[in-house]
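Q: What follows is the residue order along each chain.
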Amino acid sequence: MNAFRILLTASKALRKNPMRALLTTLGIVIGVAAVIAMMEIGAGSSQALQDAISSMGANVLMVVPGTASSGGISFGAGSVTTLSPADCEAMIKQCPALRGAAPQVRARTQVVYGNRNWVPFWMTGTTPAYLEVANWTMAEGEVFTERDVLAANKVCVLGQTLVRELFQGESPVGKEIRLKNVSFKVVGVLAGKGANMMGMDQDDILLAPWTTIKNRVTGSTLQSTNQSASSSSSQDTSGSINTLSQLYPGQASLYPEKSAAQIADNPMPVRFENVDRIMAAARNAGQVQEAIAQITDLLRERHRIRPGEPSDFSVRDMTEMTDTLTSTTQLMTNLLLSVAMISLVVGGVGIMNIMLVSVTERTREIGLRMAVGARGRDILRQFLVEAVVLCLAGGAMGILLGHGGSQLVQAVLRWPVATSPAAIIASVAVSASVGIVFGFYPAWRASRLDPIEALRYE
Amino acid sequence: MELIELKEICKSYFLGEMTVPVLRGVSLQVAQGELVALMGASGSGKSTLMNILGCLDRPTSGEYWMEGREVSVLSADQRAWLRNRKLGFVFQSFNLLPRTSALENVALPLAYGAANLTQRETAERAGEMLRLVGLQDRMSHEPSQLSGGQQQRVAIARAMVNRPQVILADEPTGNLDSRTSEDILDLFQRLNQESGITIILVTHDAEVSRHARRVVHIQDGLIVQGAYGRGPAAAAQPPGAELTLTEAP
Ligand SMILES: Nc1ncnc2c1ncn2[C@@H]1O[C@H](COP(=O)(O)OP(=O)(O)OP(=O)(O)O)[C@@H](O)[C@H]1O
Ligand SMILES: [Mg+2]
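Those sequence lines, one after another, are chains A and B. Position in the first sequence (first residue = 1) + 2 = the numbering used here. Position in the second sequence (first residue = 1) + 49 = the numbering used here.
Keep in mind the hints are simulated off the structure, nothing from the lab. Be aware that one or more of the hints could be misleading.
Claimed, not checked - Pulled from the structure, derived: some chain A residues nowhere near chain B, Cβ distances all over 10 Å:
{"id": "1", "residue": "Ala-54"}
{"id": "2", "residue": "Val-351"}
{"id": "3", "residue": "Glu-367"}
{"id": "4", "residue": "Pro-453"}
Claimed, not checked - In the SDA-like style, the derived pairs of lysine to any residue whose C-alpha atoms are separated by at most 20 Å in a straight line are:
{"id": "5", "chain 1": "A", "residue 1": "Lys-14", "chain 2": "B", "residue 2": "Ala-125"}
{"id": "6", "chain 1": "A", "residue 1": "Lys-18", "chain 2": "B", "residue 2": "Ser-193"}
{"id": "7", "chain 1": "A", "residue 1": "Lys-14", "chain 2": "B", "residue 2": "Thr-149"}
{"id": "8", "chain 1": "A", "residue 1": "Lys-14", "chain 2": "B", "residue 2": "Ser-150"}
{"id": "9", "chain 1": "A", "residue 1": "Lys-18", "chain 2": "B", "residue 2": "Ser-150"}
{"id": "10", "chain 1": "A", "residue 1": "Lys-195", "chain 2": "A", "residue 2": "Val-184"}
{"id": "11", "chain 1": "A", "residue 1": "Lys-18", "chain 2": "A", "residue 2": "Arg-383"}
{"id": "12", "chain 1": "A", "residue 1": "Lys-14", "chain 2": "B", "residue 2": "Pro-192"}
{"id": "13", "chain 1": "A", "residue 1": "Lys-14", "chain 2": "B", "residue 2": "Leu-152"}
{"id": "14", "chain 1": "A", "residue 1": "Lys-18", "chain 2": "B", "residue 2": "Asn-144"}
{"id": "15", "chain 1": "A", "residue 1": "Lys-18", "chain 2": "B", "residue 2": "Leu-152"}
{"id": "16", "chain 1": "B", "residue 1": "Lys-135", "chain 2": "B", "residue 2": "Leu-123"}
{"id": "17", "chain 1": "A", "residue 1": "Lys-18", "chain 2": "B", "residue 2": "Met-188"}
{"id": "18", "chain 1": "A", "residue 1": "Lys-14", "chain 2": "B", "residue 2": "Gln-194"}
{"id": "19", "chain 1": "A", "residue 1": "Lys-14", "chain 2": "B", "residue 2": "Pro-147"}
{"id": "20", "chain 1": "B", "residue 1": "Lys-56", "chain 2": "B", "residue 2": "Asp-269"}
{"id": "21", "chain 1": "A", "residue 1": "Lys-18", "chain 2": "B", "residue 2": "Asp-269"}
{"id": "22", "chain 1": "A", "residue 1": "Lys-14", "chain 2": "B", "residue 2": "Lys-56"}
{"id": "23", "chain 1": "B", "residue 1": "Lys-135", "chain 2": "B", "residue 2": "Thr-149"}
{"id": "24", "chain 1": "A", "residue 1": "Lys-14", "chain 2": "A", "residue 2": "Val-359"}
{"id": "25", "chain 1": "A", "residue 1": "Lys-18", "chain 2": "B", "residue 2": "Pro-147"}
{"id": "26", "chain 1": "A", "residue 1": "Lys-14", "chain 2": "B", "residue 2": "Glu-54"}
{"id": "27", "chain 1": "A", "residue 1": "Lys-18", "chain 2": "B", "residue 2": "Arg-148"}
{"id": "28", "chain 1": "A", "residue 1": "Lys-195", "chain 2": "A", "residue 2": "Glu-167"}
{"id": "29", "chain 1": "B", "residue 1": "Lys-135", "chain 2": "A", "residue 2": "Asp-380"}
{"id": "30", "chain 1": "A", "residue 1": "Lys-14", "chain 2": "B", "residue 2": "Asp-269"}
{"id": "31", "chain 1": "B", "residue 1": "Lys-135", "chain 2": "A", "residue 2": "Lys-18"}
{"id": "32", "chain 1": "A", "residue 1": "Lys-14", "chain 2": "B", "residue 2": "Lys-135"}
{"id": "33", "chain 1": "A", "residue 1": "Lys-14", "chain 2": "B", "residue 2": "Gln-168"}
{"id": "34", "chain 1": "A", "residue 1": "Lys-95", "chain 2": "A", "residue 2": "Gln-289"}
{"id": "35", "chain 1": "A", "residue 1": "Lys-18", "chain 2": "B", "residue 2": "Pro-192"}
{"id": "36", "chain 1": "A", "residue 1": "Lys-18", "chain 2": "B", "residue 2": "Lys-56"}
{"id": "37", "chain 1": "A", "residue 1": "Lys-14", "chain 2": "B", "residue 2": "Asn-144"}
{"id": "38", "chain 1": "A", "residue 1": "Lys-14", "chain 2": "B", "residue 2": "Ala-172"}
Backbone N, C-alpha and C fix where the C-beta goes; we use that ideal spot for every residue, glycine too.
With the rest of the complex left out, here is chain B:
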């Protein structure tokens, strides 16, 4: 069973009388532990697809299966739970809370999913994530006191803090220079290899395909290449079995 399976996903925006079809039947399979790069021209619908994958948005039609469950029909609260526990989102514009320390930013998802954790455990876990992204000495810095690359690493730590199965990154390097981009992509690759986290990232940069095992091309709302991977058998099995999370309550 694939971790993620999209079947004929369509997404249209309705602007008054006009209907703007953005995704026109996207089918995609992603296995556990894959690192997928999503590429395509501007306006081809990559962000739209990512938002659907991230349970931030709902498809107009089609099915979205995740671990054998149809997610596009879930309630808002259930999708919130999925976003909290199963998915991590990394944005192009970092989207960190201003005037809030890196540690607190990283701990933000814990506020909604880990009521059993004490204040100290929360801080410990956030600190652990910051160490993972190499920011152990920047924990109390606020976003305005961090460089772009550091901010994005804080955002990645935040996406990681609830030990999700999938990280969705929409142009994570879009606002960074090429050297920093390289660092970030290396970080993703490391996370993918060491923790076995499935990563789907959007990029314009063909260089990125060097980091990704698999590149999916999207054009005018349709996947033109790489819709089906080499299958679950071919995908590297997650070495981090401890990352398997409990089911929804």
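In isolation and in its complexed conformation, chain A is listed as follows:
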């Protein structure tokens, strides 16, 4: 019997009792619909979560200078300044996985407006690209321009908290504030962002061109923000930084003084054009690793680091955050999926039950088919195909229903939904296998009938 005729026979047999076929397959319909809906809604929410994570900075990378060490004691990341604004520009130009990059120069000083003052938690000198990198928008006014950066203009942008503390409802745009007796014009106000992952208020911020911060506020970043950088002068690093010398004050230095010749021979790299760190954003959370590789290659080349030598910078990402959040969605999706799978199994048991009833009911038919020449395997195939056709039909209905359901959810509840071809393929495969697994036993029972017994069956 060819495949087409087998299918025809099976569908004919099922059509003889359409109501029962429908009810039998309902379990599969519901199971597959649940799987499809779960997968689509799950995929949608994980997509939405990815976007949310991106906006929270999961795709943000921090390039920080490497460790300075002195006398076997390292000062921790960022203790030397090896990054330059040119590095930042090269990254923007040469790393395709990056959406943008902005240098950062940090400062911490008092901000005065009228008779009020405040020390913002973050005082960052940067470029206008910072907003894009940090996924930030302006609430009022404009951000300073590239030109301001080049000219080291005394302009700044304030975060919401700072505005609240200093201005109390007044619009700060156009006002003058003072930092270390340097007067800055406020050109814009940032949109509120709230606390970051660590619970720190991100709105307590002042942004200004990095050139201005560096030249007018901190004087030299080397001294105010980096301990080791104070070695820019002829002063010995170990003397001032090595904590051992503070532990035992008054004692002779543990390390021999560097002679003038030594200092001349091994000058600490001093750049006047350097930044504390570079903040970069990958195009999306998935491209973070690629971006790290590109940045590392680029900066090693720019810094002339030979293969095998350690980098004088490091790149950090928010992998932990991303991983945690994606694994949470994954967990939820898997949980729902397993519930849906259970309903598929229940549906399969329903199919088996009805198939067994059907085999008993059709014993005489089986006997007759055997009497006219059907072999055991013909009967087995017939019932198996019936079960599989039933399951596949149920699966098809379930896919439509589940897809419709998730579309409805999207329309009514505004949940994000993403069509998942993998789920559809999996559902078809699963419903076919449910048909085979749960249809096999009844079909096998049918095929084992003795023709004469079956014919005599009342």
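For chain A, the structure is supplied; the task is to place chain B with the ligands on it using the hints.
A: Same frame as chain A, now just chain B with the ligands:
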């Protein structure tokens, strides 16, 4: 060589501890082209013998030769092939598939033996058989829409569709009135004479012997009369040589 030869066929049913011997050494020879009527009292073992002849059941002991081959030792699949190609069964209770058209009922054996036929050839062949039994205008009727006699004719067409060598009919007229019975028996006789098909039929009706060339009497599991026919020479040779079927693959 006889078409069918039974040698000392015994059949016993085992009901728990009890053994019920039904056939107790039946020997029978049937030549090609014969029309044999099997008669006997109720419970004498006619249906049991027919089931063995039809390869639906196996004898407890004894030999069943068909065209020089011992069939009682064949595997289930081989016997299924024999039932499909060599034998046609007609039941007292018609045994048609309900809610299935006469045409599809007739085509049923083709589903298992004629994989090479297309859907259309299958329908054509089934239609041809229905024409043969005079039901050309009832092809799409379902069994519930047919009279008893018509149903039995559908069953005969079904038994004929694979052009078997033997048709076994167990009380084919048992559920029919005498006039319809006469029609059915006439049909058998015609098939036997025109197509040369060997027919073995069970009946209670002595009238039937009028249609049969040979009557075999069975009593308490033993053949008491007519075990051996007039021999192959005496039997009408099949005019339908085209009915000779190919051997098993
Ligand atoms: N499956 C069975 N199990 C036990 N005994 C059986 C079985 N089938 C038939 N018999 C017994 O075998 C004997 C012969 O039965 P069979 O059906 O062959 O009779 P029959 O000649 O066809 O009778 P009838 O003319 O009434 O159809 C009966 O006594 C019956 O009780
Ligand atoms: Mg009987």
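Q: Can you list which hints this structure breaks, lowest number first?
A: Numbers 3, 4, 5, 10, 21, 22, 23, 26, 30, 31, 32, 36, in rising order.
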